[in-house]
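Peer 1: Now that you have both chains on their own, put them together as the hints suggest.
First to last, the protein sequences are chains B and R. Adding 288 to a residue's 1-based position in the first sequence gives its number in the numbering used here. Adding 4 to a residue's 1-based position in the second sequence gives its number in the numbering used here.
The set of hints was computed from the structure by calculation and includes no laboratory data. Just to be clear, a hint being listed does not mean it is correct.
Unchecked claim - In silico DSS-like links for lysine-lysine, alpha-carbon gap of 27 angstroms or less:
no., chain 1, residue 1, chain 2, residue 2
1, B, Lys-386, R, Lys-183
2, B, Lys-386, B, Lys-398
3, R, Lys-219, R, Lys-379
4, B, Lys-386, R, Lys-82
5, B, Lys-298, B, Lys-386
6, R, Lys-183, B, Lys-298
7, R, Lys-317, B, Lys-402
8, R, Lys-379, B, Lys-386
9, B, Lys-386, B, Lys-402
10, R, Lys-82, R, Lys-379
11, R, Lys-215, B, Lys-298
Predicted, not measured: the structure shown is a model, and the values here were computed from it.
The lines below spell out each chain.
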Amino acid sequence: MYLMRLVLDKEIVDRNGHKAGKVNDLMLELHDDGALQVAAILTGPDSFVSLLPDWMDLATIWVRTSLLHLDPPDPIEIGWSHVTQIDVAVHIDLDRVKAGLLRTQEAVWKRWLKPLPFSER
Amino acid sequence: MGKVSSLGLGIVTAVGGFVDMGELVTTSQAGAQYRFALLWTITVGVLGIMVFIDTVGRVAIASGRSIFDVIRERLGYKVGLVALGVAMLINVLTIVIEICGMALVIQLITHLSYLWWVPVAGLLVLIILWFGSFSLVENGAAILGLALLIFIVAAINLNPPWDQVARQMVMPTIPQGRKLFPYAFQAVALLGAFMTPYEVFFYSSGAIEEKWTGKDFITNRATTIIGFTFGSLIVIAMMVVAAQTFFPHQIQSQAFPSIPVPVITSLGTAGFLVFLLGAFASTGGAAMEATLATTYTTAQFFGWDWGQSHNPKGAPIFSFTTILAVIAAVIIAFIGIDPIQLTIYTTALAAFSLPFTFIPLFIVANDEEYMGEMKNGRLTNIASLFFLAVLVLVTLATIPLFILGGGGG
Numbered sequence: 289m290y291l292m293r294l295v296l297d298k299e300i301v302d303r304n305g306h307k308a309g310k311v312n313d314l315m316l317e318l319h320d321d322g323a324l325q326v327a328a329i330l331t332g333p334d335s336f337v338s339l340l341p342d343w344m345d346l347a348t349i350w351v352r353t354s355l356l357h358l359d360p361p362d363p364i365e366i367g368w369s370h371v372t373q374i375d376v377a378v379h380i381d382l383d384r385v386k387a388g389l390l391r392t393q394e395a396v397w398k399r400w401l402k403p404l405p406f407s408e409r
Numbered sequence: 005m006g007k008v009s010s011l012g013l014g015i016v017t018a019v020g021g022f023v024d025m026g027e028l029v030t031t032s033q034a035g036a037q038y039r040f041a042l043l044w045t046i047t048v049g050v051l052g053i054m055v056f057i058d059t060v061g062r063v064a065i066a067s068g069r070s071i072f073d074v075i076r077e078r079l080g081y082k083v084g085l086v087a088l089g090v091a092m093l094i095n096v097l098t099i100v101i102e103i104c105g106m107a108l109v110i111q112l113i114t115h116l117s118y119l120w121w122v123p124v125a126g127l128l129v130l131i132i133l134w135f136g137s138f139s140l141v142e143n144g145a146a147i148l149g150l151a152l153l154i155f156i157v158a159a160i161n162l163n164p165p166w167d168q169v170a171r172q173m174v175m176p177t178i179p180q181g182r183k184l185f186p187y188a189f190q191a192v193a194l195l196g197a198f199m200t201p202y203e204v205f206f207y208s209s210g211a212i213e214e215k216w217t218g219k220d221f222i223t224n225r226a227t228t229i230i231g232f233t234f235g236s237l238i239v240i241a242m243m244v245v246a247a248q249t250f251f252p253h254q255i256q257s258q259a260f261p262s263i264p265v266p267v268i269t270s271l272g273t274a275g276f277l278v279f280l281l282g283a284f285a286s287t288g289g290a291a292m293e294a295t296l297a298t299t300y301t302t303a304q305f306f307g308w309d310w311g312q313s314h315n316p317k318g319a320p321i322f323s324f325t326t327i328l329a330v331i332a333a334v335i336i337a338f339i340g341i342d343p344i345q346l347t348i349y350t351t352a353l354a355a356f357s358l359p360f361t362f363i364p365l366f367i368v369a370n371d372e373e374y375m376g377e378m379k380n381g382r383l384t385n386i387a388s389l390f391f392l393a394v395l396v397l398v399t400l401a402t403i404p405l406f407i408l409g410g411g412g413g
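Just chain R, same shape as in the assembly (with noise of 0.2 angstroms):
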């Protein structure tokens, strides 16, 4: 059972965390304004991810701390306050973004506003995180999340080229007539979407509550290959099916309710009702992994009593700031703020964040004191600093190309 369940965290952080708001919308509109030219980026940002899941995993099992505990230990707490600051901001506002993408499927079925929802899709996730176990929050996304698969059916039997599309994957280029900013703006996006760091921070928190040993090490890598492999499957598929459904007619995809077009036009009304299914277990899966996120970074830095194993009682502020995170993220998506806009903007700012994380999880990843025989490999540092190039590159270029690309529009 113990295999198993660490398998499942890998392929929940693969399925809620790659495949959730961000990537419903991102994937969307990438496919429908560029066809398959920003396929790399999925690449990219699953090789990515996969190389920094994996060392979090190994931090967590060789030194039984949390990423957070070992940034504010190793590093102090000037630059762990900051870390913390930048993801307490990117966490909140992922979970607004989530718990509007809950709202949104139900808008979907009932035709009331989104906001009229937002409240109870909050309260869901409260209630949920209030009494479900960390394997509840953790299996139940999981299972419930498979729906999305229903992509890869409508990509196969949409039949796209699939030559063009394995180029692209590997083959960064501007389709004819793009304007280059707006491209890279997307692009930046698009890997903000899958790197986010509360997927980090919820894998991190994850394997201390599911108190991993060295045993657990094969297990690590192979969740984190295959369920991120997995996930990306999926976002793949995504960003194919609007590729062949919107861009030949020129159709941009730029609100909610045009993400399901392409698995309707391909599989029907059963289509729609798996997309339905699974878009709602990934968002709220999301939101409920980002509320965690959010509480588990600010116990971990502050040294309270956290993890979902406790009651209320036995970690109250634990507790405290879930509801708080919560009632946070609903009052700000109650201002009004577009969800999809929000969204790309969560997602760019993302992307901003990631050397903040990840730059001190390199670090420690590299300290024999913390990490024993598990520290970073020399394969694993050409890896990690590829990635951490790309990251610091993406970081320096996130504002300007916001301000330049008119914000990905």
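So here's chain B without its partners, still in its complex pose (with noise of 0.2 angstroms):
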């Protein structure tokens, strides 16, 4: 419970101090001994969704495939290895472009903000 509040809905920030998503939720594995462990941290629009109603799923499908022309959505783990830091951010060691965790930004900006007239002001 306290790793919940610790972590869950915060921001995470990437190793260039940039904005790169929130915890939405945490993966957890079971070890043999019957412990648990942080295996890794989930974000992304997907695996905020899927804390949510069925419908919500399907209407983020449509918005991902049909709208941004995304793969069919899957959330996004980063690893527990790469979190550095918590305090009133969650760090991690890895770059937010490179990690994929820009997807669902860098797609609305090709499919709908680029063809826009003056979009690179």
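Peer 2: See the structure below:
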């Protein structure tokens, strides 16, 4: 419970100090001795929608595939070993672009904004 | 320049937030129907919004986080999502009425139906938000919005009984022959107009955009008090001039063209022209702020890049949501709902929604982990709890009053 309070819903900050989404959920591993260990933090719109009613899943899939031309959704996993610090945010040692954490933002840019006039202002 | 800019933030939320379509409509109606009997709502509304705006400013300074960032972090996604949904509904409706307000001002000049001007107003809002910086949105609206000081000049000119005005600022009364429920519904709409949620989100996010630090603590408090006191003088004058002009003749102010009538009566064509400038700037400024409030809250909730300092490529979902919010508002405006009635309903709904924002804010403001030394003091907590109790009461009463009071009509 303490870890959930400490990590869940916090902002993720990448190694360059940029926003990289929110911690939407945690992936836990059950060891042979019965101990639970955090394996990864889950982020991205898909991990968020999985917390919500089923019909929102369908809506998200439609938005991602039809409007954004993205693959069917999968939550983005960030291995717990990449977490370097937890304070008011969760800091990771990854670059947000290379780690694919901006997939949705990039898709919105390419599909909907870039074709507009003065988009590169 | 930093201090001046911070001061501007307080003034813009006072003018753009306090004086927007909500105030223009509700104060005019209230003055016409109830004379000075609803002036007390200004006292409650102004003091309440001062307390809450001061709090969001402190939260931004102490934690470096905007309100929706903190609401989700501190209270989880479920509560956060409810607060976000309610905020988005009210914000989009606010954009609708502000864009309609801009269009109605142009209608007064051109005599062409406001519906022709709705898309033009929407496009103007989008263009400024697309190309403009945060300081342009903030200062541009603030400077032009000062034109609404004309209401104070008109009020002085109409020479109302100031002793009665002062008494009614602190004393709720129902004029003889008036029914309780429509009066109470009008009071709720006024409170919603004075304490609109979008100005809280805009202020909170603006503090982050302007990179406020501990040094801005005094600035936050001073601008809140000065800014909203300044804003309240204008709305007091707006209600007083409507009371002086309409109430003695039992004329109701139910249409937009009647709002400037007291100014025209008092100051003639010159006053009318200044009103047009001020009303357009205030509704335009509020339309931009409400649009930004919608996009700020959404981006903050999901952890996307946000801010007017980014270009569209740097914060694509933020920019895209801006476009969607304005387009949605223009489409809703085109449904053809009477913008004056929609304003009353929106401000009443805003009053209904206030606890969804202010209760989480109150919890966060008392969290030492986030606030450190800037957490709420005893006096602030007493004031906050008082206004929260008022807001909860208002929330519980809004829908029954809407039914019993006939929507304020």
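Peer 1: With reference to the structure, classify each hint as holding or not holding.
Peer 2: Going through the hints against the structure:
A C-alpha spacing of about 65 angstroms is found between Lys-386 of chain B and Lys-183 of chain R, which places the hinted pair above 27 angstroms, so the restraint is violated. Proposed proximity of Lys-386 of chain B and Lys-398 of chain B is supported: the alpha carbons are some 17 angstroms apart, at most 27 angstroms. For the hint linking Lys-219 of chain R to Lys-379 of chain R, the alpha-carbon distance of about 16 angstroms falls within 27 angstroms, and the restraint holds. For the hint pairing Lys-386 of chain B with Lys-82 of chain R, the CA-to-CA distance comes to about 30 angstroms; that exceeds 27 angstroms, so the pair is violated.
Restraint check for Lys-298 of chain B and Lys-386 of chain B: satisfied, since their Cα atoms lie roughly 21 angstroms apart, inside the 27 angstroms limit. Restraint check for Lys-183 of chain R and Lys-298 of chain B: the C-alpha separation of about 50 angstroms exceeds 27 angstroms, so the hint is violated. For the hint pairing Lys-317 of chain R with Lys-402 of chain B, the CA-to-CA distance comes to about 8 angstroms; that is within 27 angstroms, so the pair holds. Annotation: proposed proximity of Lys-379 of chain R to Lys-386 of chain B is violated, straight-line Cα distance about 39 angstroms (limit 27 angstroms).
A C-alpha spacing of about 21 angstroms is found between Lys-386 of chain B and Lys-402 of chain B, which places the hinted pair at or below 27 angstroms, so the restraint holds. Restraint check for Lys-82 of chain R and Lys-379 of chain R: satisfied, since their Cα atoms lie roughly 24 angstroms apart, inside the 27 angstroms limit. Proximity of Lys-215 of chain R to Lys-298 of chain B is assessed by CA-CA distance (about 20 angstroms); at most 27 angstroms being required, the pair is judged to hold.
Hints 1, 4, 6, 8 from the list above are not met by this structure, while the remaining hints are.
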